[in-house]
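Next come the chains, spelled out residue by residue.
Protein chains: 2
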Amino acid sequence: MKTIRDESFSLIDKKKFEEFLLSAGIIYRYPGSSALTWRPYGLLILNPFSDFLRNLFPKFGYQEHIFSLLANVEDFYKLNQEIYKFDKGVFKFNEVALRPSGEIVIYPIFKDWIHTINDLPIKVFQIGLMFRKGRKSGIFRNNEANFFIEGHSAHSSRQEVDAQVLNNGIIIDQVLDFFGLPVIKSERPIWTNKPIAEKNFGYDAILPNGETALAASNYAQMQIFSKVFEIGFHDNHGNYDYTYQSAFGFSFRPFLFSLWILSDAHGLRLLPSIAPSKVVILEINPRRDQNISNLVNLARGKMDQFGIKYFYDCDSSLPINKRCAKWEMMGIPLRLEIGARELNSGKLTVKRRDNFGVTDFDLQDLQEVISNLLDEVEKNLRQKLTDNFLGSQVLATTSLEIIQALTSKKVVKLFICYSHDCINGLQKTVNRGELLGVSKIEQEEKCIFCNQSTHYEGWFARRI
Amino acid sequence: MKTIRDESFSLIDKKKFEEFLLSAGIIYRYPGSSALTWRPYGLLILNPFSDFLRNLFPKFGYQEHIFSLLANVEDFYKLNQEIYKFDKGVFKFNEVALRPSGEIVIYPIFKDWIHTINDLPIKVFQIGLMFRKGRKSGIFRNNEANFFIEGHSAHSSRQEVDAQVLNNGIIIDQVLDFFGLPVIKSERPIWTNKPIAEKNFGYDAILPNGETALAASNYAQMQIFSKVFEIGFHDNHGNYDYTYQSAFGFSFRPFLFSLWILSDAHGLRLLPSIAPSKVVILEINPRRDQNISNLVNLARGKMDQFGIKYFYDCDSSLPINKRCAKWEMMGIPLRLEIGARELNSGKLTVKRRDNFGVTDFDLQDLQEVISNLLDEVEKNLRQKLTDNFLGSQVLATTSLEIIQALTSKKVVKLFICYSHDCINGLQKTVNRGELLGVSKIEQEEKCIFCNQSTHYEGWFARRI
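If you're matching them up, the sequences are chains D and B in order.
The first sequence begins at 2 in my numbering and counts up one residue at a time.
The second sequence begins at 2 in my numbering and counts up one residue at a time.
Treat the hints loosely; a few may be bogus.
A pair counts as met if it fits within one copy or between any two copies, since identical chains are not told apart.
[Claimed, not checked] Only pairs whose alpha carbons sit at most 20 Å apart, straight line, appear in this in silico EDC-like list of lysine to aspartate or glutamate: (1) 310 / 52; (2) 134 / 96; (3) 186 / 174; (4) 323 / 20.
In case anyone wonders, no lab produced these hints; they're calculated from the structure.
Start from the sequences and build out the full structure, keeping to the hints where you can.
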């Protein structure tokens, strides 16, 4: 068993991480239910994320819509019969169902909007909620109402969809990079009678407990949905055809995955790029010594002058160690404590949240010191995300090695034929975990199952 | 019957206005349902409105949350039994209900968060959806899922709530001013066994058809909800009490009300302050004459230079009159048509959407001319909103005059005692429309019903 890389990373378990999210004021649980409430500190991160999305999608021709949350049951039954069964996973009333996916409320409208080739392509995206009930509980997938961002496009040819799927992949890459989250990109094998797509690309993050979690999906739906919802067009020669479609999406989960991986025993650690405030200025013994307050005001003035966002903590109701612990829990990247020591030495002190490193500096150098440190914290934390990702994978060449790796909470990389026989055969032999998907490679390797030569790598993992 | 002011205003009926909203790309209807879809052009207005709210609320100490859309049925039954019956107006599943109001998903959490006086005040706001079914259909209140913005606060005394209600009123004023919407502010008489508030202030807009529509509500809930949801606190002397609360809210409807009032036979007319693009530059016979294209590019360069947002229309697939009609429908405040005439005369021509006034100007004066015209359009359209408001009201001194005024599609202003006898008596006598509410005035007047002296004015109207 060859270890690709194996560095130590976060050891925070899921329960502890959920406590951090509650303590830091990111989320709250609606009593007696699994539904999430997003709190102000969480929204100070997610609202700029939404702005980022609203800026990113139009660059790729996607325009924002808010589609109905209530779907007609007829459309729901259509979807349920022809494509996939939601079974008991959907909230249904007599006349309406809460949308379990975007297709059901978007594609009946596409049918209205599309008549000829001149109406194509259409590209829409939405930021909204999807509802599924009866799923496993837990911070990442319990939540019956999940925020979901999804893009849908309709085109006049297969080739256009192929190109669009590549572009959708670029969007997904940029979204995941917003939170610094590395992922395994693979193609899901589709061997079913009622496929939801002709090609399905999955983006899986690796969590600190060694499980993988779907961070994004990218589908070449082609004509599967357009035939069911009867979305068709006439081309310039009078021929009629169904539209060719792509769809892709992700939830707010990548944000939580990244936060979890970056957590340490003291709480969250925010990437400076997403932290609502980059720095906390903490006045020791607030309002006791005018000279200290003056020094604090000088530091705050510099922050304002250089546009560095900060929290100012002059809370005299808590002891200093509790105040520090609070900001560490919340993951603010840098902390300036200003008190008698700083006044006497004439130097300010800044402490990094990521590694608790301390730097003394002169007030006049504030901008340069803080900017450089923020860059360093950003790099270091992004490196931690990469280290966790690489260190969580091992290469296996036998099914025994797969079992050993899964037992030691690793994700397994392997080489395998892209065939039903080999993939299903391996799945049965290993009898735990799951083959996430496969990806084409340049070099020739031996299939772990049939030992024939192959040009595909694959990943085996325990999924969340 | 004395007319306060009676100027002509928009004569667009509701059905026509709804067609405009569809044609301009503001909304779309999910087929076979009353649920709205918000389209890109609508969201280009509503997203900046949300940003405005996210900037405004924190100035008054309100912090943003996203509360669950799914409410526990237990909390729902609690609300239903103790305060008001939603009856069949709520989407219920076995275990959960779609929230019909914010209280049901917010106050169980307040109970968790509030223990002592030090936890108070708490002020939260959310931008989200509320669900009611079986209500009257139509563009303004059919929509089973309505976007709603609401603030909730909990305090330790009645006095604090009184002050908060005044501040909430200031927030409401600023929100309605965003869309230039004038309203009747009045206190709703509360004579019921199970009041939802001790005081309830309504903000009613007057629509072009003479009906009034609730634009915002402001409640002094005091302890009515805190007793039901058992939200209590210990003060510094160890005494226990229930919290004193305020709540207020409004939907996206004020935006639609304002749009309707400003519509004319050609379509929408957007206030420049909310228009996603202030100007459309329309190239006549696009790409036929390089000199014209050069002139267009010069104008576009000036627009970019001065940061004036514009659409550039170089669509050669439609005749010029259809292209103009499209931008008029969408309500873009100013239109520059650039063609042979402009090239030959050396002057540019700008046409106002509000009154179709035309101004010729030199390219070098572009910034000044456009800025001044945008100011004038803004003023003129806001004046139209005020004119509609004032011109829709008449003063009545007898119940016959009330009936005549309602028949001629007016809102009636009157003087009345703030008493159950006079208000209910008048309602029975008139036997149509509704008394919206009353408001205290300085001068002494005669009550329309009992003829005694009173210091209250009131409004009688047909509500939407």
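Results of checking the hints against the structure:
{"no.": "1", "hint": "310 / 52", "in the structure": "both (18 Å within a copy, 19 Å between copies)"}
{"no.": "2", "hint": "134 / 96", "in the structure": "both (18 Å within a copy, 11 Å between copies)"}
{"no.": "3", "hint": "186 / 174", "in the structure": "within (10 Å within a copy, 51 Å between copies)"}
{"no.": "4", "hint": "323 / 20", "in the structure": "within (17 Å within a copy, 60 Å between copies)"}
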